[in-house]
Amino acid sequence: MRHVVRSLVLALAAVVIIGAIPGEAVAVTPALLANVEPALPSTVPSAVAVVANSAPVGANVGIVARNGTAKAVDRVKVEATAKVPGGGTVVRATTVKLTPATLAPGGLAIGNLAFGKADLPSGTTFSFKVASKKAVPNAHDIALEVREALLSRAMEGPVAQQMAVTVANLGAKTYTGPVTVTVMCFGEARNPAFVKTATVKKAKVESGATTPVTVDLSLLCPKYMVGASAR
Amino acid sequence: MSSAGQEPQRPSRAIAFTNWLVSRTSRALERGTSRRGFLIGSAMVGTAVAVAGVDYALHPGSAYAFVVPGECAGGFCEDGYTEFCCAINNGINACPVNTFAGGWWRADSSSFCGGGTRYYIDCMQTCCGPSKNYCQNGYCYCESCVPCNCPGGCGTRRVFCNYFRYGQCHTEIPVSGPIACRVVSCTPPYAVAGNACLTTPAVDNSTAEHAANCATNVDPAAGAATISPRRKARNVIQVMLFGTLNCFLVDGEGTLLQKIYAPGAPGADGNGWATYSLTPAGHCSAGTDVEAEDGFQNNFHLFAKAADGQHVIHITYVRSQSRWVEQTH
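Same order as they appear, the protein sequences are chains W and B. Going left to right, the first sequence walks through residues 2 to 232 as this note's numbering numbers them. Going left to right, the second sequence walks through residues 124 to 452 as this note's numbering numbers them.
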């Protein structure tokens, strides 16, 4: 009996130790902060793919991308094609950047697609092509993450609601430069409704420190996913 | 809601009766069933009785006539949105009793509004259950007294399920139950006094073409309009529109004004009157008389002398579209 117990203790100690040994360096993958579990397909895609999109608001369409691979990815680029009902008109758009820029396996990112200047009518259908690269960890990586988001009550005037966001620097070095906060807002069915971004032109955030950003929302946003990105 | 410092209201008589009915019916079933069978059976009967009320208790059919989200392989019951009010309110496109307008959103480019903007109002259940200990967007929630369900089966959307509030209407009510149902209109909700809504916008364009599971898609509440124009002063007409007291007059700037008696509503003055412009300034002859007529083509009409003194400004409330239209004759 004593032998068995000793074996168990040794085995447990080995597991703990192995778990504590640092493996190969992994990319820092900031997560989105959310107060909603978005309505997504129940099956995870086998690649990096767009898993949800909003209806157009003007010429803009919000998207949610998911990393269905087993490795972290970055430099995600989404090319979209919009087909207007009836007329056969086709409009294309490409994302500038998704937030966060690096996606952990299974992770989500949000972004906005701007389809030119003309409004897209309801009933427009979309198709997406996604390209990405395997993330290569780098000690100089900049990783910003939203730690807290507070919504104001509904307001009258050009700003419907304000979101006060606290952005943390997860990287190892002080970051100096613009900070962009991207907010995806959802409707009652937990589907994307629209995306809004706000940029602080110059911020200095030391490693592990935070900086405040205020996002002025022109439309109400009771349910959201929010993330931050640099440059 | 304890976190907002306000106690939940007591259940209404109807809800208390429903609770009693569920309790009595479940107890009666318990006598003739196994323990396991009772647990499953009572849950289904509880759902059916609470939704159908007395009818199910007196005429028991299948308790499975009502489904809850998650039970359907597909269909509107699973799309996440709340059903139109006409589906649970005797065909009437208005908030049912024990609910209130809690917020609104718009959907642009809707064929139901001639390619224009369609508006939805969420009817929140008046708080009647215990606190849910959940707040969001500045509002808090209590548990529903009606089970979350899809009243017409998998082909209908859910009711009493979604704890979600945009919050631009009845801002004085900080706590509610879930969304009971939604009212639809081509008229902005803030232009209707009884809704007590702010103009603050919200949008969900994926709902532009949602069709109601009943005849009403954008019409105002059937039978809710009561029109009896009365002249209250030389240039003031008083009318009851949808149960709300309205006055119409032309001001000194030549604007045809609608004044709605809605004490406490956003924008209402100290006497409880909210004022909206039906025409731009200068369209009417300043201070001129207003005439009203109801019934022609089932619409409500206002007439005032135009600013040039030669024409008539004719404002029509188009009931089928819930909007005002200005013409010059």
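These aren't lab readings, by the way, just hints derived from the structure by calculation. Model, not experiment: these values are computed from the prediction. Incorrect hints may have been included.
Here's a subset of chain B near chain W, in silico, CB distances under 7 angstroms, partners left out [what the hints assert, rightly or not]:
(1) 204
(2) 289
(3) 321
(4) 323
(5) 324
(6) 329
(7) 359
(8) 394
(9) 395
Cβ atoms here follow ideal geometry from the backbone N, Cα and C, with glycine treated the same way.
How the hints compare with the structure:
1. 204: With a closest approach of 5 angstroms, the residue 204(B) hint holds.
2. 289: holds, 5 angstroms
3. 321: holds, 6 angstroms
4. 323: Since the shortest Cβ distance to chain W is 4 angstroms, the answer is holds.
5. 324: Residue 324(B) check passes; min Cβ-Cβ to chain W is 5 angstroms, inside 7 angstroms.
6. 329: With a minimum Cβ separation of about 4 angstroms from chain W (threshold 7 angstroms), the hint on residue 329(B) holds.
7. 359: violated, 28 angstroms
8. 394: Nearest chain W Cβ about 21 angstroms off; hint violated.
9. 395: violated, 19 angstroms
Violation of the numbered hints given earlier is confined to hints 7, 8, 9; the remaining hints are satisfied by the structure.
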